[in-house]
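Chemist: Here are the chains, one letter per residue:
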Amino acid sequence: MQSAIITAEAVHKTFRNSQIEVHALRGVSITVNAGEMVAIMGPSGCGKTTLLNCLSGLDECEAGEITIEGANLRQMNDKTRTLYRAQRMGFIFQTFNLLPVITAVENVELPLLVSGVKPGDARKRALAALDQVGLADRVQHRPMELSGGQRQRVTIARSLVNNPAIVWCDEPTGNLDSKTAMDVLTLMRALNQQRGQTFIIVTHDAAIGALCDRIIHMQDGLIVPTTEPARIAPAFSPAVLSPAAPSPAGMDGASI
Amino acid sequence: MNPTLVELITIGLAVLVVGVLAAVSILVVQSLRRPVLAKIGLRNIPRRPTQSALIVIGLTLSTVIIVSSLSIGDTLDYSVRRETVAAYGKVDEIIAPPLISSFAGFGRGDPAAQQQALQDLSAGGLTTLLTVVQGGLPGISTEQYAKLKAAAQNEPLIDGMAGSIMFPTIIRNTTTGQGVPIGFLFAVDKDYDTQFGVTTTDGQSVKMDALKSGVGNVFVAASDAFSAGQRLIGSGGISATAGTALLAAAAGIGAVLTGATDVDFSTLSLDVSTLKQLGIDTSPLEQRGIYTVSLASLGLTSDRLRTLGVTTDTLKASTILSNSLGINPAQVAQLPNRLLAAVNVNTLGSQADTFLGQYGLQLRQGDIYLNRLGAQNLDARVGDVLELFIGPIPVPYRVKAIVGEAGPLGAVLPVAMMRLDEAQKLLFMQGKINNVLVSNKGDELGGVEYTAEVSQKLRTLAMDEGALNDVVALLRRPDVRAAITETANRAPRPAFRIGPQAPPLVRSLVASLIPADTSLTQVKALNDVLDQPATGVSPAVRTLMGDLNTRTGLRRLNLPTATVTELDTALNKLNYFDLVDQLSKSTVLTISDVAGGVFSQIFSLFGIFSILSGILLIFLIFVMLATERRSEMGIARAIGVQRSHLVQMFVTEGMVYDLLAAALGVVLGLLVSYAMIGFIANLFGSVTTQLGASTGAFQFHFQVAPASIVAGYCLGVLLTYIVVTVASWRVSRLNIVAAIRDLPEETNAKRRSTLNRVWRWVFGPILIILAVAWMLNGTYTTILLGASLLLWGVATLSLRILERTSMRADTMGRIVYTTLGLGVLLVWAIPWNTVTGNTTREILQQDQLLAVLPFVLRGPMIILGAIMTIMFNADAISWGVSRVLGRIPSIAPILKTAIAYPLNARFRTGMAMVMFSIVISTVTIMAMVIQATQSLIVLSDKTSGGFEISTANTLLSAFSPLQDMEADIPNLVAAYPRLADIDVIGSTATTSAEWNEVNHSAIIFRGQLAAVNAAYVTQAEKVYPFKLRAPGYDSDAAVWQALRTRDDVAIVTPRFGLVSVTTTTVTLPETFIDLSIPIAGNALLAPNRLDQMSAARRFQVIGVLADNSTRAGGLAQINRAALNTMAGQTVAPAAYYIKVKPGADVHAVKQELERAFVANGISVTVMAESFALGQSVTRGILSLFQGFMALGLLVGIAALGVITSRSVVERRQQIGVLRAIGFQARMVALSLVLEASFISLTGLLIGAATGILLGDSIVRSFFTQLSPLTVFPVPWLQIGAILLASYGFALLTTIIPAWQAAHIYPAEALRYE
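Protein sequences, first through last, are from chains A and B.
Under the working numbering, the first sequence is numbered contiguously, ending at residue 256.
Under the working numbering, the second sequence is numbered contiguously, ending at residue 1313.
Looking at chain A on its own, in the form it has when it is part of the complex:
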């Protein structure tokens, strides 16, 4: 039996401005086990991203309890929470959100540097991570000089370089074509399986849901009954993570 890595109880989140009040989360309770790959799906505006933000500590909720790796997230101050994010979490966003002014490898090593890893070690680990995602020959490129798929790989490398317990993904394939999206997903799934890291993926994409261990459906700020995914794609194999496997030349849309 896998242990719960994330537990949320009755999480509430309301957005207010001068005129309107939006109840984004209206008492969400979920549990995610360690090593699980979970998709959160639902129509636009149902609160998926808000839930991800609240669970990952990027945002604060006004009611409810969130426990991550046994620690109460809401009791952490900003500093502790940030440190926790740096050391135990990774993030993958739809718009990649790489820093445009620094190179791929610098983007990847940033979380390590923030965590206090020595620059030399950080560089080595960043290069290894980029190598793992098949971008060994693009390390000195800036995000602008990379394709969407490549950028998302850099993001993945950045999110995993710290060897985090949990990786939060917000529409990770939203800006990618289906082929590239599938490559990226395959990579994520392989990492999940190989490293046992927990992936929480917010997505609209049923195909992603299909690849996950579990799908959490949301509607109007609430969890609706969960269905199990059909099956895990057989294509996953640890081999994809071996350095020799994917051809970097084929990154742009080619299969890994």
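Note that these hints are calculated values from the structure, not bench results.
Note that the Cβ used here is the ideal one computed from N, Cα and C, for glycine as well.
A hint or two may mislead.
[Stated by the list, open to error] Derived CB-CB ranges, DEER-like:
hint, chain 1, residue 1, chain 2, residue 2, range
1, B, 42, A, 23, 30 to 38 Å
2, B, 875, A, 71, 37 to 45 Å
3, B, 1292, A, 17, 49 to 57 Å
4, A, 78, B, 1292, 18 to 26 Å
With the hints as your guide, set chain B onto chain A.
Modeler: Using the frame of chain A, we list chain B on its own:
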């Protein structure tokens, strides 16, 4: 007519206002046509109020600088105007006989005539002066004046006229002993006070009639008669009753000179009441029962006189004069000046007083009004007795009141106002005046606008009828008439005429656009009317002949020389007076306008760098606004918005900021200038305090013309508008896809036209060719500019070539731009003149531009080069920094982002750095200059020559040059005991000279020659070493000894330019120079007859001084005897240098010298005092400029604030990412602060380095005695403080946005797009 300054300003202002209105109108029309675009633009303003406020503040700066410059100019202008008007009162024009106007116009008119006039005045001593007085000055007779006045009464533009006499004088306050070496006597009658309405400082009306008459020439005559009588009586051996006899004689001769032609003294009988009227205290006479003064009543009967050998005949005044003074009775009319020339009245005056005082008698002292400046300079109060020197003769007058207005000279000089009849007697100008004061319609300032018209009228009125007839007759002579017709036919017919009724603005515009040769058109007009009627002079001809332009045209007629001379002579006789344009109020006001304008221009010039920074800031703000909205703009373009629409959106938004910012800028600018005027006023106040009461404190009145406010506002608006439009146009040129996807702009190489491609290839070579051509021109400036162009050309060409290789774009950029940056840096930063020595210095000397070059071009170019180099290598620098600091784990990630962001936006970062650098460099330069004035300009012995007091001649020294102070002192010590404290009196006579080296006789040099006395040499020996000595002179002392004793040796300064001696020569070879003194070099200062100089003399150069400047001055120095030999007579020294005995009060000695030698018109200065004063004023003004330039720092600081806050907005999402991946809030803040620090510190350091470099070369060029190796202290502490403060303020502006950024919730930041 040329447009006046006022009209030009009006035109400029109109252009500005029209410009602003046009800009606003265009926008309004566009907004009405496409309201949605305006709405989008305007909506951005309230979206982020803080940022909008920051932008407005950023845009404010240029307006602040412009408005403060203008209002400082206005204040100075107004203050000067107020002082001028206060002195002039209602006087608008001044009419004077030709000689005075030639004096007043000195430096403008015919040089030969001026030279002659000067020589007349300086060379002849008293006699010539009096000849000038008699022959030249009287000019306008009372009849002529009366005629003019009658005619002027019909002129509506003239509302007042008064005759006056103005005469230069030395004034001494006998009460305080204070004297002024030059002042003016200003004599008017009741016409002046009734028509010109003058009041005293305590508000009483000035009444010239109420002034008591003084002794007039009676006093003078009395003194002289006393002298004559003394001789007479001395010969007769009487003394007992001499006093009373002499009193009678004095009175009698006074009567002779004031009216009667001859008086028999034996029959002379004066009523005591008459004497009383003359101001003589007659009580002693009355006590002795004498009511009629005659020789008989005084007991000097004919018999008694006969026993003394005096006959009745000899008692005739004319006989006395004839016998004692050798004057032919027929020459009585010329008596006064002969008298003056013959006796030493200077000492006699006081003897007469003393003598009369024994009998309790006192000569009457008349009253005068003294102007405020005079009261200050003389430390005079009402009731004090002043001595006015008429030539060398002191005449006592009592101050009745202090007045504010004392004629045209009252603003600048001490002026004593006296009764006209009194001055006529004093100056032997019976029935004559030398000035007519004219007041125009309107008040003190309003009348000025009629000056041109009134002057023209007056010239016409003042024509001599006979002379006019002569001229017209001459013009009608067939040969002249033909020439007139010929010239008239040549005169171009103007395309259209603008009448005098046209508005001034139109006239100015036309005059500035179509400059007409007025003299030709006037001749043409004359040609049309000259023959009607055939005889006599028609009013039209009269009017034309009154116009100076007509006369100029006639003088240019194509005629034989003899006829031209004839015509010229006739024309010169036409007017019995000239209008002294130079002294008219309008001229003085124009000068004050220009002076105010100049000052405001200096401020503007210094402020230009700040304005430049302001422009960069405006540009930067809008480029950043555009960057932030790039994807919005891309989307807008995608859905069909035109580029022009984008521009409209931006400009609409910008215009709102602009209009608000300019208004705020006006208010801030006024506050700044108010503070600065306060500073200047305090400065002047403290100077006045230092000087005691001996100077007129100039009053500052804060004043801003509405026109300046409008101009400042409009300039600010237009400047911003232009920059915003250019910036908007630039950002509107975006690639739609790249903008939407936020990709870098790609080069549109494929879309280039063929022409464009060709241009890209030929541009570099064109630059190179231009550069080479320019450099061959060979002046310092063009070589530097050429070299920069050359670098640019080569860089452009290299880029084109490298583009064809497979080199990465950033590597290519780095190589090319680094080379370019370093090249520019080297070209401009290296002080070539010191590096390459004399060769370059020669090039430098040819180059007029060099004076402004360091300030205008060098700084910006060095900064540009340095920043370009840094920006294209910053990644390497950042790598280095990271290697060093990045080892600290907590710093590494912060450093990475802090350096990466600014490097990614090179243009923006570079501009911000340039802003900082430019401003800091100017502030640093000022700090260097101020430091230099403190540390380099010290009153060392080298500057003072080891003396403490110096004297200089003034204009009035010409009347009585101080020939030998050393010889005079012993005689004066009794009367002036402090003179005993004098230890050494050095003196120098200077003159211009020509010389050539004997071995290089073809090369003639010119320069100042100083002749020094032995006492000077004794002091100089202790202070000035020699660089080179001639063979045979083993020590400096030997050289000095030779100079002291021999009249065939000279010493020279290094600048003397000895052809045969180079700087490498260790000893001076035997060098001889032939020295000659040209005629009347500086005649005024060395008033002896220099035109009698002997032929050239040969001197051996026995030493080259180590310093260029010595107390004696001059390029070469010889001893006094040598100069006297050359001159054939004793040359009066131009300056004396005095060293007082140890422990003596220098200031007291100075005052004593002033008192003792006031009659010689010398000004006496304590060198340390004048030095300290000059220093404090210089330093104050420099500090003011420094403060003004520091205004630009606000621009830099505001820029940094804007950059940081824009960065926060732009990078909100990225900040969210950073926070998401584990950046603590303080790390985000620190990263932003470091980023701002990188920009500001780089800018500050480059600026400071540039400032030190430029400051150094500016100081060196100011203080040429510094050799290249001289080290002078850099004000590190001050520069450090400036840098620290600037950095501190810059940080303050970044801390708030940084703090805000750090405290955004990551999720919120991530949501932001």
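Chemist: Give a verdict on every hint.
Modeler: Now the hints, each set against the structure:
no.	hint	verdict
1	B:42 with A:23: 30 to 38 Å	holds (35 Å)
2	B:875 with A:71: 37 to 45 Å	holds (40 Å)
3	B:1292 with A:17: 49 to 57 Å	violated (31 Å)
4	A:78 with B:1292: 18 to 26 Å	holds (25 Å)
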